[in-house]
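A.B. asks: Here is how the chains run, residue by residue.
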Amino acid sequence: MNRVNPLQIALLLVVVITFLLFKLSSLKEELLEANESYKTSEKLAIDLNSLKSVYASPKKTQKAINRILAQRSLRGANLEIKREKKSIKITTKSIDTAALNSLMGKILNGSYNITLLKIKRLSETKASLVLEIKW
Amino acid sequence: MKFKRSSRVLFVDPSVDTVFSLDKGEKVDLILSPSLYWVKKITIPVKSVREVKKLLPSIFLDSLPEGHYSYSAYKKEDDFIAFAYEDKKILALLAQKGIGLSSIHSIHFAQSEFETLESALEINEMESIYLKDDLLVVVPTVWLKESAPLVLEDKKLSKHTIKLQQFGHIVDNKSFYMIGTILSIFIFILMVEIFLTHSKIDTIESAKDSLFSKYKLQSTMFQNRSTFTKYNNIHTVQTELRAVISYFLSMPLRATQKITLIEYKEKKLIVTISGVIKGQERGIVSKLNAKKVKYKLSFSGQNMKVEVKL
Chain R
1 MNRVNPLQIA
11 LLLVVVITFL
21 LFKLSSLKEE
31 LLEANESYKT
41 SEKLAIDLNS
51 LKSVYASPKK
61 TQKAINRILA
71 QRSLRGANLE
81 IKREKKSIKI
91 TTKSIDTAAL
101 NSLMGKILNG
111 SYNITLLKIK
121 RLSETKASLV
131 LEIKW
Chain P
1001 MKFKRSSRVL
1011 FVDPSVDTVF
1021 SLDKGEKVDL
1031 ILSPSLYWVK
1041 KITIPVKSVR
1051 EVKKLLPSIF
1061 LDSLPEGHYS
1071 YSAYKKEDDF
1081 IAFAYEDKKI
1091 LALLAQKGIG
1101 LSSIHSIHFA
1111 QSEFETLESA
1121 LEINEMESIY
1131 LKDDLLVVVP
1141 TVWLKESAPL
1151 VLEDKKLSKH
1161 TIKLQQFGHI
1171 VDNKSFYMIG
1181 TILSIFIFIL
1191 MVEIFLTHSK
1201 IDTIESAKDS
1211 LFSKYKLQST
1221 MFQNRSTFTK
1231 YNNIHTVQTE
1241 LRAVISYFLS
1251 MPLRATQKIT
1261 LIEYKEKKLI
1271 VTISGVIKGQ
1281 ERGIVSKLNA
1291 KKVKYKLSFS
1301 GQNMKVEVKL
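Keeping their order, the protein sequence lines are chains R and P. Numbering-wise (the working numbering), the first sequence opens with residue 1 and increments by one. Numbering-wise (the working numbering), the second sequence opens with residue 1001 and increments by one.
List time: in silico DSS-like cross-link candidates among lysine-lysine, alpha-carbon distance up to 30 Å:
(1) P:K1041 with P:K1089
(2) P:K1265 with P:K1230
(3) R:K126 with P:K1268
(4) P:K1294 with R:K120
(5) R:K85 with R:K118
(6) R:K28 with P:K1214
Calculated from the structure, these hints are not laboratory results.
Full structure from sequences and hints, please.
C.D. replies: Okay, structure coming up:
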């Protein structure tokens, strides 16, 4: 008469429940971590994407600079423009302050990676300029 | 062809102090003395034994001393033979007699095994059993004219057996099944929850993978963090450069004071202002102080050089 001990069955069920609770608790932790990791990754991806679209988009940056340089106020400015694969250098020995204001206003209000800038006052109305932008 | 019985038949009587010696692995069939149970012959209009069993606690209610009883019954012709017994007492007696539960092959009531008894049988030195109105009773042997010795060898046993509830006195079957069901339901709920949590983790992981293709990220987060740091540093420096230039352009300069040079190279901004006499600079750089910009001042004649490290 080998009857199964009900206490043993209850104990087994309790052990199974304890194991499952432990497993569930670690899975919940894993879920929390996965969620956090996803949120962090998503934020990083969005931020990186927007930063790259500003500072690592050669075509977009070049197009925007070309549009600035094409404006009427800069036509008589004698700008020397040196285009490289990853940069553009704008130089002038003498530029009218109004044209300089217009150019710098647009450059400084835009999101460009200015790596070199030199504005030297020559007179009340003239200045020299060296400007390098990289992408 | 006669098969030898694989288990020994023992008569369990509380009045006898005999301790049985069983061989290792030996199985025994037990016949319980009438002293170990209460029996009733009942006639009720129900068909099945199962239905009768449900009624037994109320049938025996007034005739049993206080205790925790189990019930059993079998049908005999148009009547039912009903039993009430205490598992705990029987188990204690079996333990006392050296009969382990693992050695028990079957347990029978003497009532079912001797229901065709024609004469009395001696179950111990003082008592005998005999049938009275179809019920087996124990009486002192001296009351009887004659009584034959009890011989159990080659005894053919009926199919009416019982199973003793080891823990019936702690928790009854109904409660046990209820607790078992509740625990099982809880296990089921936990397993479902585990499955759902697993699925959620998988969904999040695949969503994370899709981020890489959606935002054209590099293959590892380490690389992406490194790229982010690079561009974020550029962004911080560029924002600061524009802010600091705007501070200089909005400085309160006198008519004689002019910004003559703005130079930025390798994260260093140098601004030269002419017409500044040493000691007059406090008003000029007040905006830098207000904005908590760290700078270095130097003079060359009336030219003030402000150096800001970004």
